[in-house]
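K.L.:
Chains as they are written, first to last, in our numbering: chain A, 1 to 100; chain B, 1001 to 1356; chain C, 2001 to 2396; chain D, 3001 to 3175; chain E, 4001 to 4163; chain F, 5001 to 5160; chain G, 6001 to 6203.
Rather than coming from a laboratory, the hints here were simulated on the basis of the structure.
For every residue, glycine included, the Cβ atom is placed at its ideal position computed from N, Cα and C.
Check each hint, because a few of them may be wrong.
Claimed, not checked - Label-pair distances were calculated between CB atoms; the ranges are:
| # | chain 1 | residue 1 | chain 2 | residue 2 | range |
| --- | --- | --- | --- | --- | --- |
| 1 | B | 1115 | E | 4155 | 45 to 55 Å |
| 2 | E | 4132 | B | 1108 | 30 to 40 Å |
| 3 | G | 6063 | D | 3168 | 32 to 42 Å |
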Amino acid sequence: MVSLNSYLILGALLFSIGAIGVFTRRNALIIYMCIELMLNAVNLTFVAFSKYLGNMDGHIFVFMIMTVAAAEAAVGLAIIIALFRNKETVNVDAINLMKG
Amino acid sequence: MIADLTETIVKILFIFSINVGFYAPILGWVERKQSALMQDRVGANRANIFNFKIIGLFHPIADAVKVLTKEDFIPEGADKFFHTLAPFLSLTPAIVTFAVIPFGGAYELWGHPVKLVIADLNVGMLFIFAFASLSTYGVVLGGWSSNNNWSLLGGLRASAQMLSYEVAMGLTLIGVFMVYGSLRLTDIGMIQENFFRWGIFMQPLGFVLFFTCAIAENKRAPFDQPEAESELVAGYFTEYSSMKFVMFWMGEFLEIVTISGIVTTLFFGAWHLPFVTDQMLVSFFAGAGPNGAALLAMLVNVVVFFAKVSFFIWLMMTIRWTLPRFRYDQVMRLGWKMLLPLALINIFITGIVLLV
Amino acid sequence: MTDSAKNLHTEQMVINMGPSHPVTHGTVKFTVTLDGETIDDLKVDIGYLHRGFEKMCENGTWEQVMPYTDRLNYVSPLINNVGYALAVEKLFGVQAPERCQYIRVIISEMARICDHFTNIAAGAMEVGAMTVFLYFVEARDLLWDLLEELCGARVTANYVRFGGVKNDLPEGFGAKTAQAFETCRKLWVDVDKLLTKNRIFIDRMRDVGTMPAQEAIAHGFTGPCLRASGVPYDVRKAQPYLVYDQMDFEVPVGETGDNFDRYLVRMEEINQSMRIVEQALARIPRGPINLDMPALRWQSKDDTYNRIEALIFHFKTVTEGVKPPAGEIYSAVEGANGELGFYLVSDGSGKPVKCRVRPPCFPLTAAMPRMMRGRLIADIVPTFDMINMIGGECDR
Amino acid sequence: MGITTAFSTEEPLGGSVVLTKLEAAINWSRKYSFFLYPFATACCAMEFMAVGGPRYDLDRFGAALPRFSPRQADLLMVVGTITHKQAPILVKVYNQMTEPKWVMAFGVCAVSGGFYDNYATVQGIDTLIPVDVYIPGCPPRPEMVLDGLMKLQEKVTKEKWSDWPRGPAPVKMKC
Amino acid sequence: MQLLMFYLLGFGAVISALLLVTNKRPVAAAMSLITVMLCLAGLYVLLDAHLIAALQIIVYAGAIMVLFLFVIMLLNIEEKSGRLSNRKIALQFVGILVVGATLIAVAGLIKISPAQVTDGFGTTEAVGKMLFTDFLLPFEIASILLLAAIVGAVILAKRRIDD
Amino acid sequence: MSTNVTLDKLSRQFPRSVVETHTHRGDATAIVRKDEILAICRFLRDDPELAYDFMMDLTAVDYLGKEPRFEVVYHLYSLSKNQRVRIKARVPEADCTIDSIVSIWVAADWFEREVFDLYGIIFNGHPNLKRLLLYEGFEGHPLRKDYPLKKRQPLIGPLN
Amino acid sequence: MTDNKAFQAWVGTLPADKLKPKKVRKNIELSLWERVYLIEVLRGLAITSRHFFGNLVGFVVPPKGKKRKIPTVYYPEEKAVMPPAYRGRPTLVANADGTERCVACGLCEKICPAFAISIVGDERQDGSRYPGSYTLDLSRCVFCGYCEEVCPKEAIVMSEEYEGLCTTRRGDMLYTKEQLLKPVDQLQKRIDYVRRIYAKCNY
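Extracted from the complex, chain A is given alone in its bound form (with noise of 0.2 Å):
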């Protein structure tokens, strides 16, 4: 049988990954789709842990999580899209309205 630590691990491998594109990639949309690559292994490791302790409540957690990252998904393309008519880029370093 795989051992649960065996899930852990390669939920920790996926969300680092995710994590250093994050950090690393400055295209805005291949960031989103690192979030949801740490999202998605942030719900590996919930759906292990739900069957080894053998309760549920993580499948639910799951089920949010999914709904979270579609109403993410959906503000933030709609951001992209606002962003790319105005500054003709997706690169996040260029987007700096905020800095006033």
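Mind docking chains B, C, D, E, F and G on chain A? Use the hints.
P.N.:
For chains B, C, D, E, F and G alone, coordinates are given in the frame of chain A:
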């Protein structure tokens, strides 16, 4: 274990051969011949081998061989990897989906229980959904990777359209699930043993909505905006030639079969004849011994199921050759403003009926 | 395509539709500036079928122009034949005998029916209803059979002669026509049922390509497109030629001038034209079908075989052409697409100085940008079909 | 896929029985499966409709699927007059078609320019692209077209591997 | 069997994730993310979470990623500045350090033996029951969140009329 | 003779510009000076008694050897009065220009472009005077009588 | 283009009320049921299915006097009967003794709009003229029938021939005199027809 494995392999081979080996090539012929007859024409009938013509059945063979020997073209500036991947992506879901559709009842053969379905998942319908949503990628990638404005427009249209109609389709099916209380397609099939519990009687509105959404999912006319010939040349597969182009086509045809299978399973009594239960079949064939009876009953199931499937294929082809196509924004409006609310109303009514 | 791909970075996408695009009939190019799917700007480029009609006419004799007119509006060639012959007759100042006029009415109306069949068929095909297309092609084939029996060719008939027509109606033409019309009407009803109340079709056609009456007039619209806008201008009624004033028919008129009205007007005109043909066939008088004017055309076979002077004269007219008196005229007939005018200038010699055609679909095509701005890309399809741009006529 | 090029390298073996049989089989399939690209420009398009229509039904020969994308088409039907303005587009479409490809000149305008011998028209599309079958007539009767198609089928039957690929049009044009 | 599947899927997921992070073209990146999600869906099946697996494909792969692709194609984005600056490479190293630390912490700390899986674990029915009893409030809140997201997205993406 | 009303009115209104009027086989024709063509057209359209709301046709004729060489011919039609009139403006080869009437009848847009394309007559004030039927790069104007029938332009055409 | 003020002002003055449309066909209004797509879709399906099943049955039980219901002509096997008016390939009429009737007068060459005919005249020993070579370029011929119409000798007529005209080489379409000649008895029908329609009584 061995028996299970054999059973699965036999079933997979059966479905695969019937889909890819029979329906995929024959549908090309059916489409041509049927449209021809509808239009007062004769249709392909001249291809002959040793002077045998058999009503043009050799034409699909000719098409297939010709297409295989045609130059395979990848346009300049296109993304080679995705360009090659896209047709496979659109073909695979169509083949895989049939795995959860039951084409017969559960019997016992030589002491081994046999269910006439490849994979009897408890989330069967969700599985179909999952793969239907994956088939979007083939289209979108095909459109994007061709480096052609028409393809791109086709891909964009396709993605938006399929996404929208998936929503309506899902909501439509909720009513069905509420009625049957299961996502497992074999369960749904079993319940419809009773003629008066066929989906068409319990969910008439659901049937219409689902059928519409399914056609739209499959991008068939009147929802064929992504490949609208008069607008977008050939839409997302404008730049495809040879085998890859035919794979898109085959994908479309197989999806027709799959959709017909789903419609049959959900709304038209699956493998059942009206008023005839599986038990009655087995007892009817009792003379052939227990195994023989089961085999014969299975045969009847399969024949009935595929007869129904063929009927829906015919219906879809008739629709395709009868109706003009929508405009793109009208498709979207129909999906979001008409089908979606109707699906919600359907759920609501179903809920009330179930409660009362 | 590739240069427009660069423009993708901005939100506008420039797409070249045509000329080998299925909707453009091979003879027109739309340069569409798209914003998403909305048309920001549309440029029409015609001339892909400019075959030098006028230049060819100026280099041939008056008779030799006749086959060229067949190929102007190649969907209804006989109307062009009739129009050109009428123009030359006006130049001569003569009028064809009555029977000939009836025959001309019959063939004109048949050509009109064919044209509308083709137009509606193509329109339906391009919005996706393939079956309708083939039903009307089937119906058109029946009429073409009749025309072939009469004229000797299915499309390019070259049938009308100055002061007459080439030959008389064949035996049993009326009965065959009645039979053909019966099938045509059946198919017409089928198509009517398939399209007229079909909401998908209506949604595609209604309020698309709308032209209000005043603007349509300003843009020089004529024919079904103008009538769809509500202006009952029909040369057959306004300035009756041939025997149209004796025929009982109505001019269908639309209301809004959108594509759906154009479709309805055409469908109704098919009916009206069938009525005209039936009336003409019922009333057609006996008598000569040609003017007995040797100067107007080549000599009859009897004469050329038997009379030496006639033969010499024949040689003269064939080699030099008939010689209309000097002058200039403008003569209009109601073509299938609108007013088909011929402006002829003669200097008294056997060759035209100028043979100008007023192409009805030319102004219609010119109004495409006006009709399409702000619409969706898919709206180009029905609009372009319903204005019925015919390359041979538009580009000449 | 890519079989056309693969086979052309095996030309020395061309005489062997297996290859000849294969060649015959493939030619058989090609001849009954023309996907058309109707390059319809002028009057002949009317007859083209009639050929495709119920009366004459091009589909009987397996040639009914008009593909408006040149990539998927086998038979380029040049239906009607080609003017100088149109010529570059015709060449472009021909070059875009995938091998094997055939060209049919439909009607005298496409064959030779017909009676439009003037400043604007191309005097026969064979000055631009290789043509496989010529159909006279202005426009040709549907029967003539079917005749031409059968002639083309005959021609296809006799083809060899070495005939393909045919390559781009011999004329270079500014497009 | 399960172990094999785990390693196969896990390996696939990691490789695809790496591809996602390193790929220049957004479309390729999106496709690799989809692969990650498919692998994860497979893992969920191994973990007896059938509903979640189906939802993973339907929601993530079927909807969210299509949306991503749609936007990528709509904007036709190409990454122009592909090279990373030194500062960014430093950041990358920090990231990798974080990875190591997490790995050690995770592997060392947690020791749970698998519990006995009850019948009906992870089925639609079970999840549904929980969702509509114990977790009704979060469920409703989630729906409100989605509604807000829809409205927000529409308003954001809508073009200003004066443009 | 209702057409004469038009011609009478026209010659009264523009005595200087209207060179000649005649009616041949029922076609009323007025030959006018090209300078005032815009005013004449506007008058014909706006005068309530004439109301020539249709610009049916616009073309040119090349009378090679005569002077002035070209004639620009306008065919107008009045819907409400159901009458036609032909206006001809002579354009000499040396000064091959005439005012554009696009501002009066939109329909004239393409007709003028066509005449420019085939005859080389320049229409002053036309918003987009480019070749219409022939391609950019075509040299000469083929409908002029001195353009040989078979002179082909090797620019983008085939190599024959 | 259209939105200048003068234009707008003028548009207002148009006599729209004087036009008096004769018959207005109302832009069709849909009832609620027709709006729901379904009814019309079903009606359309009924029509096309009627054709489908009619034709399907028509193969098995053809209507009286016909082979099948479908109007399709199975071309190479079945051939339509050409009406006498049909203008096929032009042919030269050969007398019973095989000599051509043509006297190389050149009228057809002159009138042919496509310049498809080229004749080189020659003289026999008895002084009668005959075409030394008579070439018809079928690749240019537009089948207009003018040559037949002007021929003073009944020497060239449009035959019923339309088969076998397609070639794979353009050069094959250059028909020489020998290829064009056809014995008179095969063309008698057309000659009679030509004589009838271009007879004096028709003038």
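K.L.:
Give a verdict on every hint.
P.N.:
Hint check:
Hint check: residue 1115/B to residue 4155/E, Cβ distance near 51 Å, so the stated range 45 to 55 Å holds. Checked against the given bound of 30 to 40 Å, the beta carbons of residue 4132/E and residue 1108/B, roughly 38 Å apart, stay inside it. Checked against the hint of 32 to 42 Å, the C-beta distance between residue 6063/G and residue 3168/D comes to roughly 52 Å, which is inconsistent with it.
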